[in-house]
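Student: One line per chain: the protein sequences are D and Z, in this order. FYI, in the working numbering the residues of the first sequence are 5 to 120. FYI, in the working numbering the residues of the second sequence are 86 to 960.
Just so you know, the hints here were simulated from the structure itself, not pulled from any lab data.
Now the in silico label distances, taken between C-beta atoms and shown as ranges:
1) Z:A128 with D:R71: 24 to 30 Å
2) D:Q62 with Z:A128: 33 to 39 Å
3) D:T110 with Z:R170: 45 to 51 Å
4) Z:R170 with D:R67: 35 to 41 Å
5) D:V103 with Z:R570: 39 to 45 Å
6) Z:W526 with D:Y89: 54 to 60 Å
7) Z:S216 with D:R67: 58 to 64 Å
8) Z:D131 with D:A104: 44 to 50 Å
9) D:R71 with Z:D131: 30 to 36 Å
10) Z:D131 with D:V103: 38 to 44 Å
11) D:R77 with Z:W526: 51 to 57 Å
12) D:R67 with Z:D179: 46 to 52 Å
13) Z:R170 with D:V103: 47 to 53 Å
14) Z:D179 with D:G108: 51 to 57 Å
Computed from a predicted model, the values in this text were never measured in an experiment. Backbone N, C-alpha and C define an ideal beta-carbon position, used for all residues, glycine too.
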Amino acid sequence: MSDTREVVQGTLDLLVLASLRAGRMHGWGISQRIRQQSREAVLVTTGSLYPALHRLEQRRLIRAEWRPSENNRRARYYELTAKGYRALGEELEWWERFVAGVAGVTGAAGAATGSA
Amino acid sequence: MEHGNRSVWRSLVAIVTRRKVDRDLEEELRDHLERDVAWRVRAGVDPAEARRLAMADLGGVVRTREEVRDVHGITRLEDLARDVRFAFRRLRRDPRHALLATLTLGIGIGAATAVFSAVDGVLLKPLPFRSPDELVMVWHTKPREGLERLDLAPGTFLDLQERARDVVRLAASNPWGLNFTSPGITEHLEAWQLTEGFLELVGVAPHLGRAFEPRDFQTGAAPVVLLDHGFWQRRFGGDAGIIGRQLRLDGNAVTVIGVMPPGFALPVATNLWTPWIWSDDQRNDRFASYIRVYGRLQPGATLEGARVTMATIAVQLAAEHPRSNTGVGLAVERLEDYVVGSRRPLLWTLLGAAAILVLVTLANVGALQLTRLGRQRREAAVRAALGASGSQLVRPLVAEALVLAALGGALGLALGWAGVRALLALGPQDLPRLSEIQVDWRAAMAAAVLCLLATVALAMPSVLRLARERASAGRTVAGSRHASRTRRVAVSAQLALGLLLLIGTTLLVRSFLLVLSADRGYRTEGVLSFTTWVYEEYPDAPRRLAFVTTVFERLGALPGVRAVSMGSSLPLAEGITGEEADIIPSGTAQVPGEERTARGAVVWPTYFETLGMRLLRGRALERTDDGRGAMVVVVNEAFVRRFYPGEDPIGRTVSVGLMGRAIPRTIVGVVGDTRHVRLDAPPEPAVYIPWPQMPLASLTFVLRTDGDPASLAAAVTQAMFEIDPRVGVARVATLEGLVDQRLRERRFMLTLLGAFAVAAVAIAVVGVFGVMSQAVADRTREIGVRMALGASPGVVLAEFLAEAGRTTAVGVAAGLGIAVFATGLLTRFLYGVARLDAVSVAVAVLLVSALAALAAALPSWRAARINPARVLQEP
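The shape of chain D in the complex, shown without the other chains:
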């Protein structure tokens, strides 16, 4: 697990928003999705995930709702709002520029979008 890193600062919101593109999800689902999609390279701790979820909810980028869940309890489900979709677009744009920038500096061959 030495390859697992905590999320880079500023990217947590992006990861959460991107995960919710797949549809309505509860907190645990989001953390599982990030873990799987990143092939276990990115670790989101509970301690940072839930504050982030509540922060995004406050900014009205996501909306939360208590719904009955499969195990006969209720779970808090999150989904993207229209504003959230727009914010996700901006975040992605920023991310691509960021990655390109880092690649430019490091000269790494594996950079996703090549050199800028």
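On the provided structure of chain D, position chain Z as indicated by the hints.
Tutor: Using the frame of chain D, we list chain Z on its own:
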């Protein structure tokens, strides 16, 4: 494991309150945990192990909860309580700091609270009347002679009452005196007569009993009286049964109908109020100015409107009654301005001084806290490394500041309460509204505001520094330099403000000493005096002379009495310091607009000798200077300077108009100047007329005694009662007591400013000690290295002393700079010294510099004694 889960959940539940955010989060996290466990079990992990792993992953539930709360902007009382408990623990580990900060804050807040209470009671609180801002006073003025605030003539009052009715309702009071006879003693009581509707106009009801009613003002009505609250307490022990009882006043039985509320003192503090039943003479009197007129602006009327109306009426009256009213104006001012106006500068100056002391204490505790934070840097760094958020790092600091401010505030309130006691004991007795001064909720509010300020002062340096250190992580050396510079600036500021207060104090001390040592021109030790009025009891000159002679004989025979004399005036005795006399030296004519007056007194021939006044030229008055002899007068030096500069006045004739009658008199002698009206004003021209040539009914007797004159007071009043029980004795006083009262305001201001200055300088000097000790501690290693490389202790000592010298010099320079402007506010309280008096300033500067040097010497000496070997061996 079920059991273990329960306890985990219970502890989760315990920390989560009923708040919705917390409840929701709890459920959300529980859901998360259950899903995680289930997922791990599905992957083949043993259920117990799965739960353990899931719990570990869930991590700090408490922290998550707090951060979510932060997102929702929830700060909770229980967090605050925890922070406060933590702050107490931290402060207990550093009791020296806690004690210093609490004491410093306590002194500052206490001083400010006490002075604020005084300012509040006298200046800020509305007067205890109904709608006090509508109340005004109406005065005569004589603009040509530069005279303001003259009492009105009764006839003029009646005109005004009629003509100004649309703008202002008026009522008047008439100074009165009554002889109050009780078994064994007849006292002359000062009292005021009030016109019908006076009490309704100001809107004050009696504390007990009833107010005056229209029937009390009818001619021939049964006489009634209202008592002053203090008089009632003093003379009747606050007995409520006094209502309906009869007092023997001027030989009549007068019924007490009520007691006025405490603090009611219109026009001045007095003993009794009676209904004013007008005589025909009073109605038509437009000449004699003696009544005090109050008004209430009619709804919608303004002060300016009232002024215009009065000015118009003054012009009309001058046209209708040219003999009495030519050159006489009418002025209107707010009652409040009159009551407290003259004391405003004193109180504002003291409030300013208290504010300066507060600034010094805030600068001091700020610097203290900065020093403390330096020692705590490691703790903060550890907490930051452990993941404490910004608000988590700042909150304990704020809580600590809050705790210190609260402790300081509590101490300050206690000191403020004691301070108010001291102010009441020390303050000028004629300070208006003295009885309204108290530490009440407003003073407590002021203290609370100061506590908040203190909290900010305490927390600011820490917070700013934290912010800076977070911004420049790792560059802590720069941070430390910055902090020590900030501390030095804070200490310089304290020295500057302390010096400012000290300069003010030395100026006041010099003034006080000069007033004290100024030649008064009369003897104050061993003089007892009292006043009687015998207008009705002894209506003509021969009978008055017989009375006076009897008094001389009887009092002169009392053991301990060396001499007895009499005059119409007494130095420093409010209200009887002499009447104004019009002076026309022979051969000149009165020029309109030129003020040629002198203070006039009618005296018994031995008056000068008894009071120890010096005869400079010619002769004193003699028993032969009576109605049968030539009309003579004795003048003082100031009179000669004013009217006969460079000439010999003896034998010259001068017309002296005292109380209406202008009579040519020959100057037979010149006596020394006296500080008659004020101790701190230059003597004015004065004339002394022999009493036998003008036998006034107002007699002030002066006795020169052996030993303490006050101890003779009882024997004197008893002797007077035996001579004639009808004659009331008033104003029994020693001349030393009168001097003391005149010095009271100066002593009051001096004591207060001095106390503030001492406190501020002490705090600043402790600040110098603190900042130098810290500097030495910070540089111990560096000094060790330099000394190992050959620097001598002398060099190190000189270096630290020079550093302290620079800090002091900056403070002194700044203090002097402010003093150049600020001492202007003191000008009116100074006597005989310039506001930048070199001696006073030099004394203050030397004192502050010497104390600062002393405070710096110890740490500097310690630096010079550093043992390089030991320092360098330390890790």
